[in-house]
Amino acid sequence: SAVISQKPSRDICQRGTSLTIQCQVDSQVTMMFWYRQQPGQSLTLIATANQGSEATYESGFVIDKFPISRPNLTFSTLTVSNMSPEDSSIYLCSVEDGELFFGEGSRLTVL
Amino acid sequence: QKEVEQNSGPLSVPEGAIASLNCTYSDRGSQSFFWYRQYSGKSPELIMFIYSNGDKEDGRFTAQLNKASQYVSLLIRDSQPSDSATYLCAGGRDTGRRALTFGSGTRLQVQP
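Protein sequence lines correspond, in order, to chains X and B. Using our numbering, you'd call the opening residue of the first sequence number 55 and step up by one each time. Using our numbering, you'd call the opening residue of the second sequence number 121 and step up by one each time.
No wet-lab data here; the hints were simulated from the structure. Treat the hints with care, since some could be wrong.
[What the hints assert, rightly or not] Straight line, CA to CA, 30 Å or less: simulated DSS-like cross-link-like pairs of lysine-lysine: (1) B/K162 to B/K176; (2) B/K187 to B/K176; (3) X/K119 to B/K162; (4) X/K61 to B/K162; (5) X/K61 to X/K119.
[As the list claims (entries may be wrong)] Pair ranges (Cβ atoms, derived): (6) B/K176 to X/T98: 47 to 57 Å; (7) B/Q151 to X/Q95: 19 to 29 Å; (8) B/R213 to X/S107: 29 to 39 Å; (9) X/P125 to B/G179: 19 to 29 Å; (10) B/Q151 to X/L165: 38 to 48 Å.
[As the list claims (entries may be wrong)] Part of the chain B face toward chain X, derived, beta carbon under 8 Å: (11) G149; (12) Y159; (13) S163; (14) L166; (15) L185; (16) L208; (17) A219; (18) G223; (19) S224.
All values reported here derive from a predicted model rather than from experimental measurement. Glycine included, each C-beta is placed from N, C-alpha and C at the ideal position.
Looking at chain B on its own, in the form it has when it is part of the complex (with noise of 0.2 Å):
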C-alpha cells in the first residue's frame, strides 16, 4: 500500500481556472506535506509545505491539510500554461524536510 496516493491525472483545466490538486496519505506519524512541481525533464522544485491544519496561502497557491481526514491538497487560482507540470505530493514524520515519501505525482494540464 502507496503511503502517499495522488490521481494520476491528467488533471486538465482552462486558463484562469483554479486547479485543484489532491493527496491522502496513510501514515497519521506524518506531521509535514510538501507540494513540489515537476516540469518534464527536470528535477523536482518546492512549491509549498504545511505543518498545521487549514489553509496556507502564498500567492496563486493554496495548500489545504486536514490530518483527522490525512488529506492534503493543492489550489492553484488562475491557472497558466506555465502551470503545466507534474504535482507531487510527499509528506514527512517530522518538521525537517528530512527523508520525505513521494506521491507518484499528479499531472496537470493549463489549456490556453
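Isolated chain X, as found in the complex (with noise of 0.2 Å):
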C-alpha cells in the first residue's frame, strides 16, 4: 500500500496569509486528490493534482484560492491562499493506488 507523507502535519496562521502543503508519496501513482475536513464535517473532494497539467477543481473551488501544483507522479503540493478563519480545516492528501489511500492531514488553525 501507498505510503503518503504530508506536511505540515499543523499549523497556526495568521488571516491573509498563504501556506502550502506538501504531499510525498512512496511509489508513482497516477491520481492524486486534495480534500478538505472541516471540523465536525467529513471530507470535501478540492481537486484532482494531474501531473503536467492543471488540476481540476470542483465545484466552489477555484486555483486562485487553492493552487495546486504536481511535477511528478509522486509529489503535489496544495496552496491555502489569502486565509480567513473559514479555511481551518484539516487538508488531506490522497493517492489511487489500488485503493484510496489518505495522508495523515494537515490540519490548519487560521486567526
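Could you fit the two chains together into a complex? Lean on the hints.
Structure below.
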C-alpha cells in the first residue's frame, strides 16, 4: 500500500497569509487528490492533481484560492491562499493505488 | 441536498453486539461504494467496498448494497471497543476509486 507523507502536520496561521502543504508518496501514482475536512464535517474533494497539467477543481473551489502543483508522479502541493478563519480545516492528500489512501492530514488553524 | 447522507449518531452499542450503519445516496450514477473508518485525529482508512447489489462479507464486516433503494449499509458483528470511531460512507461514479463523494459520517461508540 502507498505510504503518504504530508507536511506540515499542523500549523497556526495569520489571516491573509498563505500556506503550502506538501504531499509525498513512496511510489509513483497516477491519481492524487486533495480533500478538505472542516471541523465536525466529512471530506470534501477540492481538486484532482494532474501531473503535467492544471489541476481539476470541484465546484466551489478555484485555482486562485487553492493553487496546486504536481511536478511528478510522487509529489504534489496545495497552497491555501489569503487565508481566513473559514479556511481552518484539515487538508488531506489522497492517492489511488489500488485503493484510495489518505495522508495523515494537515490541520490548519487560521486566526 | 447532500449526495450521500448518514445519520451522524452517535450510535451506541454494547460490546459483542451487531452495529448497523446506514447510508443513502441520491446520485443514481453512483456505481461503487466504500466504507471508511476514521479514528479521532486520524485519517480515514478503507474498511470495505461494494459494487454489486447484495451482501459482501469480510471478517466481522458485512456491506450491503441496494441500488433500487439507493441504500448502503455496514454491519459490524461482535463489536469491540476498538471499533469506536466515525464511519464514513462514500460513493463513486465508476468502479475506480477516483473522486469520491463522502457522507458526513456516523460516530459509533461500543460500550465495554
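So, against the hints stated earlier in the document, which numbers end up violated here? Hints 6, 8, 9, 11, 12 and 15 are the ones this structure does not satisfy, whereas the remaining hints hold.
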